[in-house]
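Trainee: Sequential numbering of the sequence shown, starting at 7, is according to our numbering.
Hints may be right or wrong, so weigh each one.
[Unchecked claim] Distance condition first, Cα-Cα at most 30 Å in a straight line; then the derived DSBU-like pairs of lysine-lysine:
#1 K249 / K281
#2 K67 / K90
#3 K86 / K67
#4 K108 / K90
#5 K90 / K23
#6 K108 / K67
#7 K268 / K281
#8 K67 / K23
It should be emphasised that the hints constitute simulated quantities derived from the structure, not laboratory data.
Because the structure is a prediction, the values reported are computed rather than measured.
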Amino acid sequence: MALDMGGDRSFSRRAMKAELLDAETELGLAYAWRDHRDEAALHRLITAYMRLAISMAAKFKRYGAPMNDLIQEAGLGLMKAADKFDPDRGVRFSTYAVWWIKASIQDYVMRNWSMVRTGSTSSQKSLFFNMRRVQAQIEREAMALGETLDRHQLREMIASEVGVPLHDVEMMEGRLAGSDYSLNATQSVEDEGREWIDALEDDGDQAAELVEHAHDTEQLRNWLITAMQALNERERFIVRERKLREDPRTLESLGNELGLSKERVRQLEAAAFGKMRKNLEAQSKEVLSFFAA
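Work the whole structure out from these sequences, hints included.
Mentor: In structure tokens:
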């Protein structure tokens, strides 16, 4: 079920004019949706409590998110609440829905406020939405008592009040104090217009990694050549066809070409690998697993 928002003001006005449900009607609608998936009952239930969702969304305007988006997220939380509500528990739907609406809005704000400054753990989420309020309250109380708190004391009291570790308070304080900057901003006038994005490390392979890979590939190639030279012509042919082709041949096809049984080709293959292992062991033990049958 999608929310037909239209303009957020007109949507809000329609929501405020929706019916007020008494407990008995609300319960009947909840049963109709849970037991019979009655979409008309769900629509009526959600419409009646959309004013609650809008009221809660308005409390998050200070975080800078568009009101229309906040209302949309609040509506999604309301629909989740309606879908999961159990009328047998004897709780009013509005009481249950508050948690889902708030959680939906908070998740949206955390995802969109700043990918750099916010966190995702429960303690970071609690700090994000409560730190400024708790800090202001502590400072007011200290001022009323004529006390002066240094930064460390203030952080400790915030951590105690919110119930989170001190280092989380210090981390969130730094995140909230910072600003978001564009990676396309210039670093300084002396850098001739060089942008911050130019300083990011390339995700691709670095020069040292490319050189190391090329060296290892060449070493492996040399080991293979030396080990293959220890085989006779038929053994080399079997190894090439079975292990060095993009589309390896079957034992049966090789047996038909060589005039041998499939089992005999398997025995020759195993013997060839045994010779190669011995030869490779004399050179290096690093590539033995490469030739495991």
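Trainee: Of the numbered hints stated earlier in the document, which are not met by this structure?
Mentor: Going through the list in order, the structure violates no hint and respects every one.
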